[in-house]
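What follows is the residue order along each chain.
There are 2 protein chains.
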Amino acid sequence: MPTPSGHTRAIAASRVTGTSVYNEQGEKIGHVEDVVLDKMSDKVMFAVLGFGGFLGIGERYHAMPWSMLDYNSDTGGYVVGLSRDVLEKAPSYDLNDLMKQDGAGQSPSMDYYAPYARH
Amino acid sequence: MPTPSGHTRAIAASRVTGTSVYNEQGEKIGHVEDVVLDKMSDKVMFAVLGFGGFLGIGERYHAMPWSMLDYNSDTGGYVVGLSRDVLEKAPSYDLNDLMKQDGAGQSPSMDYYAPYARH
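Sequence order for the protein chains is C and E.
Here our numbering is used: the first residue of the first sequence is 5, the next is one more, and so on.
Here our numbering is used: the first residue of the second sequence is 5, the next is one more, and so on.
Wrong hints could be hidden among the right ones.
If chains are identical, the list can't say which one is meant, so a pair holds when it fits in one copy or spans any two.
Okay, derived cross-link-like pairs now, EDC-like style, lysine to aspartate or glutamate, Cα gap no bigger than 20 angstroms in a straight line [to be verified]:
| # | residue 1 | residue 2 |
| --- | --- | --- |
| 1 | Lys93 | Glu63 |
| 2 | Lys93 | Asp115 |
| 3 | Lys32 | Asp78 |
| 4 | Lys104 | Glu92 |
| 5 | Lys32 | Asp46 |
| 6 | Lys47 | Asp106 |
| 7 | Lys47 | Asp74 |
| 8 | Lys47 | Asp115 |
| 9 | Lys32 | Glu92 |
| 10 | Lys93 | Glu28 |
| 11 | Lys32 | Asp89 |
| 12 | Lys32 | Glu63 |
| 13 | Lys104 | Asp115 |
| 14 | Lys47 | Glu63 |
| 15 | Lys93 | Glu31 |
These are computed hints drawn from the structure, not numbers from a lab.
Turn these sequences into a full structure, and let the hints guide you.
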């Protein structure tokens with residue numbers, strides 16, 4: 005089944021990392037740094053998005069529900085349907101901290117984005 | 005929470021590809037080629053395992069439930085708790101065919117492995 009944007013539903017994880025992320029206004033806001041999987045189930049725990057920083061130095065990362073990223077075949081990137089204001093106020097992390105405690109460090113992010121998630 | 009093998013539960017997709025896969029006898033049987041995600045939900049559709057082939061030429065791929073791969077920190081690889089016989093009789097595919105029709109091409113694999121999956 006195609007997604008709402010017409011893209012196919014299945015996507016290889018290796019093709020996700022490094023892909024650009026845009027806001028709804030079409031502005032590039034960052035990229036997908038990685039996707040974190042749950043080893044004990046068939047679930048994606050969260051996507052890791054990088055917003056800014058210079059060559060990765062000082063870059064802060066966001067953990068976001070994977071299903072909130074909508075692929076747009078026109079731009080070849082993902083669209084996050086959130087305003088700049090919402091994104092700027094979201095919890096952000098150092099990449100290592102995000103993976104600590106089995107990814108539990110990202111739970112404030114999931115709480116933060118929950119009201120904006122698709123249902 | 006650590007997995008039964010003591011490994012952490014969260015794992016970055018970028019660290020999964022290329023990792024060796026062993027059977028329960030500790031014999032290397034292949035590698036993880038990729039992990040396929042569902043774009044419309046927070047689910048992992050399936051893992052793609054490569055078994056054999058010379059430099060990828062003529063290699064055939066297996067689609068397997070991601071949760072059937074148990075990480076073993078001693079070997080730094082994944083263990084599939086299936087006999088060689090079960091694996092040899094499993095459906096295998098060309099990599100491109102596996103991604104067609106939104107990954108629906110792999111459904112015979114899921115049916116095949118279902119009796120062996122963790123519950």
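These are the hints, each one checked on the structure:
1. Lys93 / Glu63: For Lys93 and Glu63, the Cα distance is within 20 angstroms only inside one copy (16 angstroms; across copies 48 angstroms).
2. Lys93 / Asp115: within (13 angstroms within a copy, 45 angstroms between copies)
3. Lys32 / Asp78: Classified as within; 13 angstroms inside a copy, 42 angstroms across copies.
4. Lys104 / Glu92: neither (23 angstroms within a copy, 38 angstroms between copies)
5. Lys32 / Asp46: neither (30 angstroms within a copy, 23 angstroms between copies)
6. Lys47 / Asp106: Both: 14 angstroms inside a copy, 18 angstroms across copies.
7. Lys47 / Asp74: both (18 angstroms within a copy, 15 angstroms between copies)
8. Lys47 / Asp115: both (18 angstroms within a copy, 19 angstroms between copies)
9. Lys32 / Glu92: within (14 angstroms within a copy, 46 angstroms between copies)
10. Lys93 / Glu28: Close inside one copy (17 angstroms), not across copies (48 angstroms); limit 20 angstroms.
11. Lys32 / Asp89: within (15 angstroms within a copy, 50 angstroms between copies)
12. Lys32 / Glu63: within (16 angstroms within a copy, 38 angstroms between copies)
13. Lys104 / Asp115: within (18 angstroms within a copy, 35 angstroms between copies)
14. Lys47 / Glu63: Intra 27 angstroms, inter 28 angstroms, cutoff 20 angstroms: neither.
15. Lys93 / Glu31: within (18 angstroms within a copy, 50 angstroms between copies)
Comparing the model with each earlier hint shows violations of hints 4, 5 and 14; every other hint is respected.
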